[in-house]
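All chains, full assembly: derive it from the sequences and hints.
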Amino acid sequence: VPTPAHRDRVRELLGTGAQLVEVLPAHEYDDEHLPGAVNIPLKRMTPEAVAGLDQGRPIVVYCWDSL
Amino acid sequence: VYDYVAGKADWLAAGLATVGPGSAGYRAGAVARQGIATCETEETLADAGGRVADSDWTGCVVVNSVRVVLGVLGAEDLAAAGEVAAGSVMRIGPPTVRANEEVAPLVERMAARAIDSILVTDPDGRLLGVMVRADAEAALARVGGL
Chain B
1 VPTPAHRDRV
11 RELLGTGAQL
21 VEVLPAHEYD
31 DEHLPGAVNI
41 PLKRMTPEAV
51 AGLDQGRPIV
61 VYCWDSL
Chain D
1001 VYDYVAGKAD
1011 WLAAGLATVG
1021 PGSAGYRAGA
1031 VARQGIATCE
1041 TEETLADAGG
1051 RVADSDWTGC
1061 VVVNSVRVVL
1071 GVLGAEDLAA
1081 AGEVAAGSVM
1091 RIGPPTVRAN
1101 EEVAPLVERM
1111 AARAIDSILV
1121 TDPDGRLLGV
1131 MVRADAEAAL
1141 ARVGGL
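Top to bottom, those sequences are chains B and D. By the working numbering, the letter at position 32 of the first sequence is numbered 32, and the numbering carries on one by one without gaps. If you want the working numbering, it's the 1-based position in the second sequence plus 1000.
No lab work stands behind these hints: they were computed from the structure. C-beta atoms are modelled at their ideal positions from N, C-alpha and C, and glycine is treated no differently. Treat the hints loosely; a few may be bogus.
Said to hold, decoys possible - FRET-style restraints, in silico, Cβ to Cβ: (1) P1095/D to D8/B: 48 to 58 Å; (2) V1/B to I1115/D: 41 to 51 Å; (3) E1043/D to H6/B: 26 to 36 Å; (4) G1087/D to G52/B: 25 to 35 Å; (5) G52/B to S1088/D: 52 to 62 Å; (6) L42/B to A1080/D: 50 to 60 Å; (7) I1115/D to D31/B: 27 to 37 Å; (8) E12/B to A1079/D: 28 to 38 Å; (9) D1054/D to V1/B: 21 to 31 Å; (10) A1079/D to T3/B: 49 to 59 Å.
As the list claims (entries may be wrong) - If you want the footprint, here are the derived chain D segments under chain B, 3+ residues with CB under 8 Å: (11) 1005-1011; (12) 1014-1023.
To be verified - Residues from chain B that face chain D, not an exhaustive set, calculated with beta carbons under 10 Å: (13) T3; (14) R9; (15) E32; (16) L34; (17) P35.
Here it is as structure tokens:
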């Protein structure tokens, strides 16, 4: 179960090398996303899709607001 | 794995940097003045007035220790400068907008209500700046938005 994180905590995590994943559709990601985020739309969240993430570093996922 | 529960909407509302063409539009946070005077409730009007003279706005925002907006002191409040505590005369709960508020419709609403400036805060109520309507109108005029 993901740990809920406030904005301040997210910024701390990013400062220590966390990976950001936006799960919105590609067109929303393309229009605007957080710096450094990669896009893995929720509907395409498969083991293959997340294989490129470094499991040794924290991963922060975000949607528009709550998932 | 962490869930940034408040998500992109929260990030934008806090005026933080983003990437992509959608970030190019005029938003309140982008045109807000940031060098504005602040004081805490127990400070005097004399202290607050002294800071306003060196700031980019005629008022002073009353904040707590983590810059959450509590009230505002206008030029007329500060004209009575003295040893009175800012917290005793501040106007409580001034209207605010988030940093990602689109400027054009905001300017229209402000003009309709004869509001010259409005505070910009993040979703936690922390002060980011003040958007002066004249600044926003000038910015929009430069890009043909007015």
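> Would you say the C-beta atoms of E1043/D and H6/B sit inside 26 to 36 Å of each other?
Replying inline: This hint holds: roughly 29 Å between Cβ atoms.
> Can the suggested window of 25 to 35 Å be confirmed for the beta-carbon pair G1087/D and G52/B?
Replying inline: At roughly 53 Å between Cβ atoms, G52/B and G1087/D fall outside 25 to 35 Å, so the hint is violated.
> With a cut-off of 10 Å, does the beta carbon of T3/B approach a beta carbon of chain D closely enough for the hint to hold?
Replying inline: holds, 5 Å
> Taking the least C-beta to C-beta distance, is R9/B closer than 10 Å to chain D?
Replying inline: It holds, given that the least Cβ distance between R9/B and chain D is near 7 Å, below 10 Å.
> Does the hinted range 50 to 60 Å hold for L42/B and A1080/D at CB?
Replying inline: Taking Cβ atoms as reference, L42/B and A1080/D lie about 57 Å apart, which means the hint holds.
>> Quick check on the hint: E32/B CB to chain D CB, less than 10 Å?
In response: Because about 3 Å separates E32/B from the closest Cβ in chain D, which is inside the 10 Å limit, the hint holds.
>> Taking the Cβ atom of E12/B and the Cβ atom of A1079/D, is their distance within the range 28 to 38 Å?
In response: The hinted range 28 to 38 Å is violated for E12/B and A1079/D, with Cβ atoms some 43 Å apart.
>> Would the hint on L34/B be counted as holding, given a Cβ-Cβ threshold of 10 Å to chain D?
In response: Hint on L34/B: holds, closest Cβ of chain D at ~6 Å, below 10 Å.
> D1054/D and V1/B, beta-carbon distance inside 21 to 31 Å?
Replying inline: violated, 50 Å
> Counting residues of the segment 1014-1023 of chain D that have a beta-carbon nearer than 8 Å to any beta-carbon of chain B, does the count reach 3?
Replying inline: holds (count 9)
> Is 41 to 51 Å a correct range for the gap between the Cβ atoms of V1/B and I1115/D?
Replying inline: This hint holds: roughly 45 Å between Cβ atoms.
> Do A1079/D and T3/B keep their Cβ atoms within the hinted range of 49 to 59 Å?
Replying inline: holds, 51 Å
Hints 1, 4, 8, 9 from the list above are not met by this structure, while the remaining hints are.
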